[in-house]
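Here the protein sequences come in this chain order: Y and P. Under full-length UniProt numbering, the residue at position 286 of the first sequence is numbered 286, and the numbers go up by one with no gaps. Under full-length UniProt numbering, the residue at position 390 of the second sequence is numbered 390, and the numbers go up by one with no gaps.
It should be emphasised that the hints constitute simulated quantities derived from the structure, not laboratory data. Remember, predicted model here, so these are calculated numbers, not experimental data. Careful: at least some of the hints might be erroneous.
Below, computed lysine-lysine pairings styled on DSS-like, alpha-carbon distance capped at 30 angstroms [what the hints assert, rightly or not]:
hint, chain 1, residue 1, chain 2, residue 2
1, Y, Lys277, P, Lys230
2, Y, Lys194, P, Lys420
3, P, Lys240, P, Lys420
DEER-style ranges, computed between Cβ atoms [as the list claims (entries may be wrong)]:
hint, chain 1, residue 1, chain 2, residue 2, range
4, Y, Pro191, P, Gln413, 41 to 51 angstroms
5, Y, Glu212, P, Ser296, 22 to 32 angstroms
6, Y, Arg211, P, Thr267, 19 to 29 angstroms
7, Y, Arg211, P, Val278, 33 to 43 angstroms
8, Y, Gly125, P, Ala253, 39 to 49 angstroms
9, Y, Thr35, P, Ser371, 30 to 40 angstroms
10, Y, Met1, P, His147, 44 to 54 angstroms
11, Y, Val34, P, Ser296, 25 to 35 angstroms
12, P, Pro185, Y, Arg216, 47 to 57 angstroms
13, Y, Glu212, P, Thr112, 36 to 46 angstroms
14, P, Phe357, Y, Glu169, 41 to 51 angstroms
15, P, Phe357, Y, Glu212, 10 to 20 angstroms
C-beta atoms are modelled at their ideal positions from N, C-alpha and C, and glycine is treated no differently.
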Amino acid sequence: MEELRKEMENLKDQITAVRKTFQDSTLQEAAAGVTVVGRVQLKTRKTLRGHLAKIYAMHWGTDSTLCVSASQDGKLIVWDTITTNKVNAIPLKSSWVMTCAYAPSGNLVACGGLDNMCSIYNLKGKDGNVKVMRELAAHTGYLSCCRFLSDTEIITSSGDCTCVLWDIETGTQKMVFAGHQGDAMSLGVSPDFKFFISGACDFTAKLWDIREAECRQTFGGHESDINAIGFFPNGNAVITGSDDATCKLYDLRADQELLTYQDPSIMCGVTSLAPSKSGRLLLAGHDDFNVNIWDMLKAERVGVLAGHDNRVSCIGVSSDGMACCTGSWDSFLKIWN
Amino acid sequence: MTIRTARPDRVQHFRPRMHCLKKLEAVVVEMQSGVKGSEQKLNVTTIPHVIIGKDIIAWITNKMKTTTEESEAFGTMLVAYGYIYPLQNHRKLVMCNDSSLYRFQTPYFWPTQKWVAEHSDYAIYLAKRNIRKKGMLEPYEQAHYNHLHEWLNHKWDFIVMQATEQYKYVNHPTERAYWIVNKPPRRTHSAMDSGLELLIDPNSDEKIPFDVYRRMNLFYQQAIMRSKVKSSVSLGALNKYVTTYKNHDPFLAPCLPSNPWLTDNDTYWTLNMRQVEVPTKMRVERWSFSLFELLSDLRGRDDFKIFLKKEFSGMGTFLAPGAPRWINIDGRTMGLTVKGLDHPHRYVLEAAQTHVFLLMKKDTFFRYLKSPVYKEIEKKALNPEPHNFSPAQLEQNAQNRSPGIHPLILWQQDEAEKAKAAAASAPVDVKALMSKLDRKK
Chain Y
1 MEELRKEMEN
11 LKDQITAVRK
21 TFQDSTLQEA
31 AAGVTVVGRV
41 QLKTRKTLRG
51 HLAKIYAMHW
61 GTDSTLCVSA
71 SQDGKLIVWD
81 TITTNKVNAI
91 PLKSSWVMTC
101 AYAPSGNLVA
111 CGGLDNMCSI
121 YNLKGKDGNV
131 KVMRELAAHT
141 GYLSCCRFLS
151 DTEIITSSGD
161 CTCVLWDIET
171 GTQKMVFAGH
181 QGDAMSLGVS
191 PDFKFFISGA
201 CDFTAKLWDI
211 REAECRQTFG
221 GHESDINAIG
231 FFPNGNAVIT
241 GSDDATCKLY
251 DLRADQELLT
261 YQDPSIMCGV
271 TSLAPSKSGR
281 LLLAGHDDFN
291 VNIWDMLKAE
301 RVGVLAGHDN
311 RVSCIGVSSD
321 GMACCTGSWD
331 SFLKIWN
Chain P
1 MTIRTARPDR
11 VQHFRPRMHC
21 LKKLEAVVVE
31 MQSGVKGSEQ
41 KLNVTTIPHV
51 IIGKDIIAWI
61 TNKMKTTTEE
71 SEAFGTMLVA
81 YGYIYPLQNH
91 RKLVMCNDSS
101 LYRFQTPYFW
111 PTQKWVAEHS
121 DYAIYLAKRN
131 IRKKGMLEPY
141 EQAHYNHLHE
151 WLNHKWDFIV
161 MQATEQYKYV
171 NHPTERAYWI
181 VNKPPRRTHS
191 AMDSGLELLI
201 DPNSDEKIPF
211 DVYRRMNLFY
221 QQAIMRSKVK
231 SSVSLGALNK
241 YVTTYKNHDP
251 FLAPCLPSNP
261 WLTDNDTYWT
271 LNMRQVEVPT
281 KMRVERWSFS
291 LFELLSDLRG
301 RDDFKIFLKK
311 EFSGMGTFLA
321 PGAPRWINID
331 GRTMGLTVKG
341 LDHPHRYVLE
351 AAQTHVFLLM
361 KKDTFFRYLK
371 SPVYKEIEKK
381 ALNPEPHNFS
391 PAQLEQNAQN
401 RSPGIHPLIL
411 WQQDEAEKAK
421 AAAASAPVDV
431 KALMSKLDRK
441 K
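This is chain Y alone, in the form it adopts within the complex:
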């Protein structure tokens, strides 16, 4: 047993050494020629009012003006962000909801939370009513995040340290991705839908191959729970946000951390993040009620969105990159541009 532990430490050291040899350039050198972005000022264009309690999650639809948000008042609301109208207001069985997702086709939405289940709702029901289509129950811990792959498959991450791929038609688990040592807090799907990444409270992020149900790569380096995770728009890099108030950029092919986005004056943990369409800007929501905008290539802060009266719990950039939506515990959603 002791031998195994020693071997493990040895291997870990070897990995660090190998990674160092592949680190032949820093971002500063690579991005030296890139023009500076300058101060980015985004203003609140719309405020979506209607929730009565903390908003825990939001997700944009793929057609760029609809989004869904989940709040602890027990409602899932689909908004038309341009007119600020509520397209659907779905009452939930359990109001302890922690996540929500919009299917790429726009036909389904999902949500889940402390009830340990992922409930799928069909928005395009025959008689216009929105009903529960499926309840996916098998997790032994709360549901922290869910994302659709299509109208028949969905991936969920849970407080029981696992992620599961479900078949929605039959309501069964197709695959279980186990390996994290702490609560899995968030997940992100790659643009080609072949991989997904999960961030957990064991301070690591893992890249999983959906087809083979294997963990392909593990990324460490954070000093506290990873609360938010996302793919860089080209699908070759991963961005993570953590309670230690930093965001890190990991490259999949180089298998290591490329950059850390941090500032001594930022002390509050990151709750959510979203890259802009070109990947140049990273928007990160924090516990200190602000959203910080980073220039991803230069690792400098280029803007702050201050407008919420409480913690920013979720953030998303629309699929055409035109607007960013932030949801907060003050029960409002704001659209920035």
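Position chain P relative to chain Y; hints supplied.
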């Protein structure tokens, strides 16, 4: 692999989001020597060690070298966590940049990850307040009190005894501040309201079993042997991607004719809908970035299909040699595919499909970009004039906002198109075709 069974104690205990506490404490300790306190008269009493909001904000701005707004936000955070408490208006946990009065909270009441505010402590506090206020508690406090009285009834004598004892000694305002942070009244935003708790204890040192060690070592060995790319290559790729898309990022570059969020005019979205006859120049440019981008855009896919039809007029998408539709794939892939057909599974055509896709990416795609089909659409593509709305026109735009096409109608259009496409390309039974050919031979 089975899902790891949860610990027997299902109740979630471990508070997340407390990593910043150590850093905040360090700042507060420094601040205590940095900001000058004085005696202030408030109502009838004189209170020592009072600090003024303005001074605090000035100190923060100086120390952290940030703007005033950020210092105000940071100051509010310190109040929301309970390190500093306001003397006037004690329910609003914000730091105001004026002559509002504050005091440092005693370290005993500082927030920590390990010590959670206990229910019995809160009951004792409410009992004390009850005595002090002679039964006139605030409504939210009364609600908590009644609930605790019912729930902790078995301990109530102890609680009342503690309350009467402590009432003589404990300093009232600091304790009150502590409870406002930990059990905030309605409409007070406190940072200790940390939300749902974690299932697995982040501080526990659970013994890792033998089997897990073995698997972890295997994983690390694989990790070492995995082929890696030099970081300069990755960075170069990221840089290239960002630069290529720079003009297509609405946060960084203006969009033509105008950004609907700014001018309330939908033209941009109407011009870029899925089924336009003529796409915009920016859209056509995006198609040239990568095959993935071209295929993700339905309009781009249509254009590519037209090109493919012209190029391979006659050639299509099926593998059987001599079949009416036959494409060129290498021998090995063909062998694998045919073998797979004996025991068909989901991915039997995978090898062939990947080969085709790679061919397309490396060869066909570039030929498409040089083809007359693409050049023609590039020429035809629209480049709308930027809008130039006067303030009055902007007002009108906002008022004339139409709700746009209802999503249900768009969905119906989509379904109709899908049905048409499905009917046009009914799949050929490959195995039947091949056996037919074999029989012919």
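Comparing the hints with the structure gives:
Annotation: proposed proximity of Lys277(Y) to Lys230(P) holds, straight-line Cα distance about 25 angstroms (limit 30 angstroms). At roughly 28 angstroms between alpha-carbon atoms, Lys194(Y) and Lys420(P) fall within 30 angstroms of each other, so this suggested pair holds. Taking the CA atoms of Lys240(P) and Lys420(P), the gap is about 39 angstroms. The hint is violated against a cut of 30 angstroms. The hint said 41 to 51 angstroms for the Cβ distance between Pro191(Y) and Gln413(P), and at roughly 25 angstroms that hint is violated.
Range check, Glu212(Y) to Ser296(P): about 24 angstroms between beta-carbon atoms, so the 22 to 32 angstroms window is met. Taking the beta carbon of each, Arg211(Y) and Thr267(P) are about 42 angstroms apart, not inside 19 to 29 angstroms as hinted. Checked against the hint of 33 to 43 angstroms, the pair Arg211(Y) and Val278(P) passes, with Cβ atoms roughly 39 angstroms apart. Between Gly125(Y) and Ala253(P) the beta carbon distance is about 41 angstroms. The supplied range of 39 to 49 angstroms therefore holds.
The hinted window of 30 to 40 angstroms between Thr35(Y) and Ser371(P) holds, with their beta carbons roughly 34 angstroms apart. Hint check: Met1(Y) to His147(P), Cβ distance near 50 angstroms, so the stated range 44 to 54 angstroms holds. Taking the beta carbon of each, Val34(Y) and Ser296(P) are about 26 angstroms apart, inside 25 to 35 angstroms as hinted. One distance hint, 47 to 57 angstroms for the beta-carbon pair Pro185(P) and Arg216(Y), holds here, with the actual separation near 49 angstroms.
Taken as a hint, the range 36 to 46 angstroms holds for the pair Glu212(Y) and Thr112(P), whose Cβ atoms sit roughly 43 angstroms apart. Between Phe357(P) and Glu169(Y), the C-beta spacing of about 27 angstroms breaks the proposed range 41 to 51 angstroms. Taken as a hint, the range 10 to 20 angstroms holds for the pair Phe357(P) and Glu212(Y), whose Cβ atoms sit roughly 19 angstroms apart.
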